[in-house]
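Once you have looked at the hints, place chain B on chain A.
Protein sequences appear in the order of chains A and B.
Under my numbering, think of the first position of the first sequence as 341, with each following residue one higher.
Under my numbering, think of the first position of the second sequence as 191, with each following residue one higher.
Treat the hints loosely; a few may be bogus.
To be verified - Label pairs and their computed distance ranges (CB to CB):
| no. | chain 1 | residue 1 | chain 2 | residue 2 | range |
| --- | --- | --- | --- | --- | --- |
| 1 | B | T495 | A | W552 | 57 to 67 Å |
| 2 | B | A555 | A | W552 | 23 to 33 Å |
| 3 | A | T392 | B | R1011 | 49 to 59 Å |
| 4 | B | P968 | A | R537 | 55 to 65 Å |
| 5 | B | E422 | A | R537 | 26 to 36 Å |
| 6 | A | L451 | B | K698 | 49 to 59 Å |
| 7 | B | R878 | A | E497 | 46 to 56 Å |
| 8 | B | R736 | A | W552 | 55 to 65 Å |
| 9 | B | A448 | A | E540 | 30 to 40 Å |
| 10 | B | G571 | A | W552 | 12 to 22 Å |
Please keep in mind that the hints were generated in silico from the structure rather than gathered at the bench.
Positions of the beta carbon are idealized from the N, C-alpha and C atoms, including for glycine.
Spelled out from the first residue to the last, the chains are:
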Amino acid sequence: MSRYVMVADLNRCVGCQTCTAACKHANATPPGVQWRRVLDVESGEYPDVRRTFLPVGCMHCASPPCMDVCPSTATRRRDDGLVTIDYDLCIGCGYCMVACPYQARFKVASLAGAYGDARMPHEEARAHPERLNVAQKCTFCIDRIDAGLAAGLVPGEDAEATPACVNACIADALTFGDIENPDSRVSRLLRDNESFRMHEELGTDPGVYYLWAPVS
Amino acid sequence: MGVPADSRTVPTYCYQCVAGPDLLRVRVEDGVAVSVEGNADAAACTPSGGKACVKAFGLIQKVYNPHRVLTPMRRTNPRKGPDEDPGFVPIDWDEALDAVAERIRAAREAGGTDASGYPRIAASFGGGGTPTYYMGTFPALLSAFMPVDFSFGSGQGVKCYHSEHLYGEFWHRAFTVAPDTPSCDYILSFGFNVEASGGVCGVRRHAEARARGIKRVQIEPHLSITGACSAEWVPIRPKTDAAFLFALIHVLLHEKRAGLDLPFLKSRTNAPYLVAPGGFYLRDAASGKPLVLDLLSGRAVPFDTPGIDPALTGRFTASGVEHGADDDNWCHESVPVHPAFERLIRHVAPYSPEWAGGICDVEPALIRRIACEFLEHARVGETVEIDGRTMPRRPVAVVLGKTVNNGWGGFDCCWGRTVLSCLVGALEVPGGTLGTTVRLNRPAHDRNLSVTPGPDGFMDYPMNPTDAGNWVDRPAVRNANRTLVPLVANSPWSVALGPTHLAWMQQKQAFDHWPEPTLPDLWFVYRTNPAVSFWDTAQVSQTAARFPFTVCFAYTRDETNHMADILLPDCTDLEGLQLIRVGGTKFVEQFWDHQGFALRQPAVASRGESRDMTWIATELARRSGVLEAYNHAINRGAAGVPLKSGHGDFSLDPGVPHDVETIWDAVCRAASVEISDGADDHGLEHYRERGFRVKPFPRIKWYLTAEMEDQGLRYELPYQERLLRIGVELGRRLHAKGVGWWDAQLEEYEALPTWKDFPRLWETALANHFGVDIADYPFWLVTARSMQYSWGSNAAIQVIHEVAGNIRGHGGLVMNAGRARGLGLADGDRVSIRSPLAETRGIVVTSQGIRPDTLLLVGQFDHWATPLAREFDMPSMNAHVPMLLSLTDSTGSGADLARVAVSRLEGAS
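This is chain A alone, in the form it adopts within the complex:
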C-alpha cells in the first residue's frame, strides 16, 4: 500500500512563495485562497533570533481531524493517504476548517476575480463554481497523481505525476513520494535527515515532514 507524503527541507526553503504562486496557477484558486503557502516564522529574542520559512498546506493526515468532524462524509481519506473533499457532498458547514490544526482549509462565497467581480479571461476559463460555499484545500494535485499513475508514471519521480508546488520549487526544498516505498526520494531523505512533523502531538499523523538537519 502506498502513502503519499511531502518532505520540506527547511535548510533549503527561502520563502520565495514560488510554490504558493505555482499552486494558484495549477489549481486556479481564487484571490486570497492559498492551498500551499510558506510561513515566515521568527523565534528567539534580539540578537539571538532565528527566522524560518515553513511551507504549509493540508498535511494529508492519516488521522485527519477534519474528516472526524465532517457531518456529510464529504471529507475522506484514500488508501494512498490523500485526504479528499467531495464538493457535491460538502454542505459548507465549516466544522472541518475549525477542526484542522493547520489552518489548511478555505471557503469562498463568490467567484470574484483578482481585480473584482469582472473576471479576467483566464479566471473565466478556469472558474470552479463547484468550489463555491464548500471547503477546499490542497489536494496534493490529485488529478496529476491519478492521471500519472494511469499513464504508468511514478508520483514524486515523474514531473507529470507530481504536485505542481514540488515541480515549481526553485530551491528543490519540496519532495513528494511514497513513504511506504523504501527506495523513494522521500524515504531516502527521511532516513538521511532529522525531521519533524507539525503538531505531531495531536495524533494527526500528518503527511508532511520537515527536514532540519542531516543525520549525524
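Relative to the frame of chain A, chain B by itself:
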C-alpha cells in the same frame, strides 16, 4: 471548468529582473493563457534548472489585468502635477505616432542638441538593463536619432550596486560580483540579499551549497531573507561595513600574514610595486615601468623582469622616476621606498578589531574569529582541475549588498572586499570571488574578451580622460558622466551609470560654472516609474511635471505617466516577440555552462490596441524620417546579432519598413549561423518550437585569472596609484573651470582608503542641509529587496501582492520589538515616519530580527496612481532619501539610507 478543446504550452522567457532570464512555458487553453511552468527542456542547460521565479507567475494577470492601458492616449489637461487630472483620452495609433514623430523631427531639425549642448531627446528605462529584453528594436530607433540623453535616472546610483559596478569592472571585470557558489565553502555577505534578489539561479545555487555544508555569515542590520538562510547573523550598525572589512584585513596582515597567498600577491597583483615618496610608483627611468625590489639580486628592477623574487615587505632605498598627475615628474636618487604591500600593512595597522568593534557595534572577538575562519577556509596552496587546467582552489568569497556597495563607503567596501580576496588568492579562481559580466567594457557577452594589456602590467580600462588635452570639459549629457566620473567609461551603459540624480537635482538648483540645466524637448519613458523608484520622489514628480513633452509606454496608469502627454500601450511580456542572448556569465549568480539564444514570443494575441515594441519602433522610424538609419542599425546588430557575418548575410533592405516577424526571422537566422558556425540558418519557426538554442560555454571562462595568467597581467590591487593620479588631474580640470562643488568627491581618490566616519557623514549632511538636530531623528531607515517585487514593475499585479504578503515586512514598517515596546508601540499601530525631508505613514510590524536603532521598509511602494498598488497603504523610503551632493560619492552614487523619527498617529491604535 470544461475540458479545453485546444491545450498547448508556449516556450518563452521571463526577464523581469536582473537575475533572469528564466526559461519557461506558458500553458494556453483555447487561446487563453492560463498558467506558467518551468521549461523542463532547459533543466540540463540552465543554472536555474529550467525553473521559473515567483515573479513569472504574475505574467498571466499582467496580460489580462483590467487596468491595462489598451489604446494610445493623449493628455487633454495642459497643466501637469500629481494633483492634476491628466484628462487622457483615447486616440488611434496614427495620431499618437504622428504626434511623437513630429517631436522627433523637430528635435533633429533643431540640431539634436540645445543651447547647453544637451540632447533634445531623452529616454529613461528601468533597472539593470532588463527593459532591453522587452523593447525589441527600440534601441535601433534610438541610435537612428542620437544623441539621446539617458541622464534622468530612475533608480540608478541609489538603488543599484553602483560603486561595485565601476570599481568591480576596473579591478576584475566585475560589473556585479558573486561567489563561485557551487564550489565555495565560506561566504562573508555584507548585506548581499541573494535569497531575495538572486533569482532562481541565486536561490538554487545557494540552496545546493547549504545542503553540502557551506557556511555563510550575514553581516547586516536586520535579519533579511538571506540572513535567515545563513549560518550566522551579525547585526552590524548601518554603514559601518568598511570598518569591519578593514579590521578583517588588519587581522590577516598583522596576525596571520604567513598564511596568506604570497605567490598570488607577488605575481598577480601590484603588492610588490615600489611606492615612491610622492605616493606614486617608483619607475625605471628608461622604460617607465614600475620597479620592484628583487630579493635575489637586492636591486630594484622593472616588475616584469624574468626570474626575480620581488619583496612584499620592508623599507628600501632605490632610485628612479615618479610620474604624478599631468606632467608632474620627479627624479629620485636613493630615496626610501616601500612595496605597496608594506604600505598596506602600515595603512591598516590602526584598524584592529578592537577599533572596529566600537564603530560597528560588534564584539572584536567575533571579527577576529571571522577573519581566522576566512583564512582557514581559503585552503591557500590547494589546486583544482578546470577544463584540464590546474587552477588555485580558494573556496572563500566576500559579497556586498546594496547600501554597502554604493554611496559613500562603497569604494572602501569594494576595495576591502577585493583586497581580502587577493590576500588569500581567492580573486577570480575556483571557489572564490568572481565577477559576472561587463557593461562598461566590451564585449558584453564575454568579459574574458574585454581583457587586454594596459599600463604597468594591468588590464587596460576605458577611463574617461582627465588630462588637460582630452578631458571632456563640457558635459554632453545632463548628468555629466564622462566629465565627472573617469571610471564610468564610455559604453552605451555609461550615461545611465553616471551620477543620474544630478540631472534631476539641477532642475531644482543649477550648479556653478556649469551649463544651464535644460529640460529635454521629448522624453521617452519605458518600463520604469522614477516618480516612485528614485530618491526624493516628490522632487522627481515635480520635475517630471515640467517636462514639455513626455511619451510613456504605459502598462497601466502610474505616477510617472500621470505627467505624460502621450501614452503608448506596448505588448506585455507574453505578447511580444524578441530574441536575446543567454548564458555565459551574467549579472546575479548567472554562471552557465552554455550560451546561446532564447526567444520571447506571443503566447496569446496582444490585448486591445497594444502593439509590439518592434512595430512601434519601425513606425516611429518611418514617420520621423530615420527609417534607413534604423534599418542600418538593425543590420549592424542593434537587435542583438549582426545580420551579416562570414557565415551569411541576412541584412534587411534599409529602404523599406519591415514587419515584426521579418525582422526577428532575420535575427534568428543570423543567430543560428553564429551558434552553429554556419552549419545552419534556422529562422524564427525553429526558435518558436523549443524557445532556446545553446552550445557549451567553457567553465574556465568563469575564472578571469586564467585569462590574466595567459596574458601575464596583474590585478590593480591593493594600491590605487592610477586612481590617485586621475583624482588629482580631475581636480585640476574642475578647479580651472571654477568648479568647487565636486571637491568632496575628489577626496575619495586615494591610493589606500582611509576610514571615514560614514554614519557621522550622513548625520552631518542631513543636519547641515536641513538645519535640524539629528538627535530628533533617532532611527536609521534602511530597505531590502523583495523576491516577489524587485525590478519587476509588477506592483499592479494582484497575485504578487497576495503571495508577497506571506513574507514579513511587506505590510509595513519593521521595527525592533523591544524598542517598539519602549515607545509604547505594538504590531498594527499606525505611525508617522518623519525624516528631515518628508513625512509618510505606515503600519508597525514588530520583529526581533532588527537592530533597535534601525527601521526597515521593504521594496518600493508609496504609489498614488498605479491601480491596486495605490491601495496598499505601504510607505517607501524613497520619499525620505534626499538628493544631496554631500551624500554623493565620487562615482556619482548615493545610498538607501535615511534618518527618521517615528510617532504614533493621534487617534490611531
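Here is how each hint holds up against the structure:
no.: 1; hint: B:T495 - A:W552: 57 to 67 Å; verdict: 58 Å, holds
no.: 2; hint: B:A555 - A:W552: 23 to 33 Å; verdict: 29 Å, holds
no.: 3; hint: A:T392 - B:R1011: 49 to 59 Å; verdict: 23 Å, violated
no.: 4; hint: B:P968 - A:R537: 55 to 65 Å; verdict: 45 Å, violated
no.: 5; hint: B:E422 - A:R537: 26 to 36 Å; verdict: 28 Å, holds
no.: 6; hint: A:L451 - B:K698: 49 to 59 Å; verdict: 51 Å, holds
no.: 7; hint: B:R878 - A:E497: 46 to 56 Å; verdict: 31 Å, violated
no.: 8; hint: B:R736 - A:W552: 55 to 65 Å; verdict: 57 Å, holds
no.: 9; hint: B:A448 - A:E540: 30 to 40 Å; verdict: 53 Å, violated
no.: 10; hint: B:G571 - A:W552: 12 to 22 Å; verdict: 36 Å, violated
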